[in-house]
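*Asks:* The residues making up each chain are set out below.
There are 2 protein chains.
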Amino acid sequence: MKIRKEYTCPLEIIHDILKGKWKTVILWQINHLKKVSLSQLEKDIKGISQKMLLEQLRELREFGLVDKINYEGYPLRVEYFLTEGKGEKIIEALEIMQKIGREYIEEQKKKNTDKKVGN
Amino acid sequence: MKIRKEYTCPLEIIHDILKGKWKTVILWQINHLKKVSLSQLEKDIKGISQKMLLEQLRELREFGLVDKINYEGYPLRVEYFLTEGKGEKIIEALEIMQKIGREYIEEQKKKNTDKKVGN
DNA sequence: CGGTATCCTTCGCGATACTG
DNA sequence: CAGTATCGCGAAGGATACCG
Numbered sequence: 146m147k148i149r150k151e152y153t154c155p156l157e158i159i160h161d162i163l164k165g166k167w168k169t170v171i172l173w174q175i176n177h178l179k180k181v182s183l184s185q186l187e188k189d190i191k192g193i194s195q196k197m198l199l200e201q202l203r204e205l206r207e208f209g210l211v212d213k214i215n216y217e218g219y220p221l222r223v224e225y226f227l228t229e230g231k232g233e234k235i236i237e238a239l240e241i242m243q244k245i246g247r248e249y250i251e252e253q254k255k256k257n258t259d260k261k262v263g264n
Numbered sequence: 146m147k148i149r150k151e152y153t154c155p156l157e158i159i160h161d162i163l164k165g166k167w168k169t170v171i172l173w174q175i176n177h178l179k180k181v182s183l184s185q186l187e188k189d190i191k192g193i194s195q196k197m198l199l200e201q202l203r204e205l206r207e208f209g210l211v212d213k214i215n216y217e218g219y220p221l222r223v224e225y226f227l228t229e230g231k232g233e234k235i236i237e238a239l240e241i242m243q244k245i246g247r248e249y250i251e252e253q254k255k256k257n258t259d260k261k262v263g264n
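Chain order of the listed sequences is Y and U.
Residue numbers for the first sequence follow this note's numbering, beginning at 146 and rising by one.
Residue numbers for the second sequence follow this note's numbering, beginning at 146 and rising by one.
Source of the hints: derived by calculation from the structure; they are not laboratory data.
Some hints here could point you the wrong way.
Repeated chains share a single entry, so a pair holds when one copy, or any two copies, can fit it.
Dumping the calculated SDA-like pairs for lysine to any residue here, alpha-carbon to alpha-carbon at most 20 Å [what the hints assert, rightly or not]: (1) K234 / E217; (2) K164 / E200; (3) K255 / E240; (4) K188 / E157; (5) K191 / P220; (6) K234 / H177.
Build the full structure now, drawing on both the sequences and the hints.
*Replies:* This is the structure we're talking about:
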């Protein structure tokens, strides 16, 4: 369990929520597919292991960003999805950051072409 | 250097931007104080070492979220501040996440009092 | 005061094997 | 298909000493 007993500052949680290599990508992907199975996520998120995926999904659920439904019967089937409140809200934050990411990429490209051109 | 040579996906950057225990807190604190010296940040951010602070500040500067001014003369003096574009923008994202953090804290409190009451 | 370098510990995470 | 358990390595991060 990586979640602390108690938080005093909301900022500490921000860190824990997005801590780890995969959380943001998982959230992003779930938002993209809306309702998605474990195996689907595993296919779509390149390089992630099932163990990591499950670990991170569990944490995201504990924070109330993600939820899941277990369907009865065989073969087993589950659906992961963002929670209406916090889950969908955090996508807004990720979108802002994603734009900043784009800006950064653009700047780097520009720097590189400038270098090649002359200086 | 923890920043990669090149990014293909903006989401990878989101992770790198907020990676590490301290980045969000540092950004938050700089935003709060607007222009701030290293020693001031060190005092205000509880538990951080000077080494970590400088390390993270450097990364934030490389991403263009933070910038600094070096003043001439002794004693040495610098001022760290958020960049107008990306720096101030990311605060919006942090604010959203901070609210989610608050929600989570409230829920936990409620759960605890409910437990005490009965069940 | 601001910043760099080094050493050492802890923990994230990948690989792998196993269960219902 | 969904999920748990174990183990080992490398990176993150804390402490500390030193430089301009």
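*Asks:* If a hint holds in the structure, say so; if it does not, say that too.
*Replies:* Each hint, compared with the structure:
no.: 1; hint: K234 / E217; verdict: neither (30 Å within a copy, 45 Å between copies)
no.: 2; hint: K164 / E200; verdict: both (12 Å within a copy, 18 Å between copies)
no.: 3; hint: K255 / E240; verdict: neither (23 Å within a copy, 30 Å between copies)
no.: 4; hint: K188 / E157; verdict: between (31 Å within a copy, 18 Å between copies)
no.: 5; hint: K191 / P220; verdict: neither (24 Å within a copy, 51 Å between copies)
no.: 6; hint: K234 / H177; verdict: within (14 Å within a copy, 23 Å between copies)
When held up to the earlier numbered hints, the structure conflicts with 1, 3, 5 and fits the remainder.
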